[in-house]
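Chains Y and L, in that order, give the protein sequences. If you're matching positions, the first sequence starts at 5 in the working numbering and goes up one per residue. If you're matching positions, the second sequence starts at 1150 in the working numbering and goes up one per residue.
No wet-lab data here; the hints were simulated from the structure. Don't take each hint at face value.
[Claimed, not checked] Cβ-Cβ distance ranges computed for the label pairs, FRET-style: (1) 1275(L) / 65(Y): 36 to 42 Å; (2) 1258(L) / 65(Y): 30 to 36 Å; (3) 1313(L) / 78(Y): 52 to 58 Å; (4) 1226(L) / 109(Y): 44 to 50 Å.
[Unchecked claim] Chain L side only, calculated, beta carbon under 10 Å to chain Y, not exhaustive: (5) 1233; (6) 1235; (7) 1237; (8) 1240; (9) 1241; (10) 1272.
As the structure is a prediction and not an experimental result, all values here were calculated from the model. Here a beta-carbon is modelled for each residue, glycine too, at the ideal position from N, C-alpha and C.
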Amino acid sequence: MSFITSLVPSFNRPAAGVSAPADDRDLGLIVKPAFELSETSECFALTVNLPGVTRDGLEFQADAETLTLTGRRAWKKPDAWTALHRETDDAAFRLALSHDNAVNLDKIQADLRDGILRVVLPKAESIKPRKITVG
Amino acid sequence: MQNESREDRIHPLKPKSGTIIMRFVHYTYPNRQPLPAFRHSPWAGLESEIDRLFQNTLGDLAGVAATRRVPVDLYEDKDNTYVRAELPGVNREDINVELADGSLNLSATRKSKTGDREENVSLNRTVSVPDAAVQPEKISAAYENGVLTVTLPKREEARPRKVTIAIK
Chain Y
5 MSFITSLVPS
15 FNRPAAGVSA
25 PADDRDLGLI
35 VKPAFELSET
45 SECFALTVNL
55 PGVTRDGLEF
65 QADAETLTLT
75 GRRAWKKPDA
85 WTALHRETDD
95 AAFRLALSHD
105 NAVNLDKIQA
115 DLRDGILRVV
125 LPKAESIKPR
135 KITVG
Chain L
1150 MQNESREDRI
1160 HPLKPKSGTI
1170 IMRFVHYTYP
1180 NRQPLPAFRH
1190 SPWAGLESEI
1200 DRLFQNTLGD
1210 LAGVAATRRV
1220 PVDLYEDKDN
1230 TYVRAELPGV
1240 NREDINVELA
1250 DGSLNLSATR
1260 KSKTGDREEN
1270 VSLNRTVSVP
1280 DAAVQPEKIS
1290 AAYENGVLTV
1300 TLPKREEARP
1310 RKVTIAIK
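Only chain Y is shown next, with the shape it has when bound in the complex (with noise of 0.2 Å):
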């Protein structure tokens, strides 16, 4: 099992749902952000689109099992103004991103600049590929 675990890692994960946190009611609309994972021999980055999000409006938190983010945005429509046409979104953005315990939760950098947010996850020691010396 522990192979086919390792093969389909979401066969380890609860069903999307269950453990939604409880403040999403709050949130009104979610919308998922556009976003973008790469990964290093020494650590994750993480791009994600926020346009309009500004830093007070940025929320991100990180555990042992997920990296949740949560983005307001800051503009709201003046009162005199009326919509001809909308392409955008007023709803907020909420990415969630669980992981196997793979990052080390103390060194985590974010940057949030122009509306996209930069962050780099340096990996736990536990999953850094290391060298072995034969005796």
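Let chain Y serve as the given structure and place chain L on it in line with the hints.
Positioned in the frame of chain Y, the structure of chain L alone reads:
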């Protein structure tokens, strides 16, 4: 070695032979809050469940940097027409706003640099604006938090007018 890490970036979820699969899988909650009556329907969460399954096998095919979509909103008030476009991650000097022949063209280049790899993505969007209704010399634009707002002042003639007509 260099080549290997590039490969990783392109296929973040592709397992390398002999190594453990990257244990970083994604899930998200349902995009929309269902109607209260359907909140406990068996289909709640199905969308993200499907999303999750495909995520594991396909990864994110369209990366963030490659997103070329430029969603645009149009607003108006008494004096101005406003165009708001989502252009995250672009430098101010790489944004170009042009008005010609009744169409407003927004173009931008998103330059992203990861390590030694540079990537330029050009974004383009055209919105038609009635030439007769705007004062081209007074157009202004602002870029904030990845959103570009272009303000197009209306001409006097195009503003709503209130006329009281005397009845004889």
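Checked against the structure, which of the hints given earlier come out wrong? Violated hints: 3 and 10; rest satisfied.
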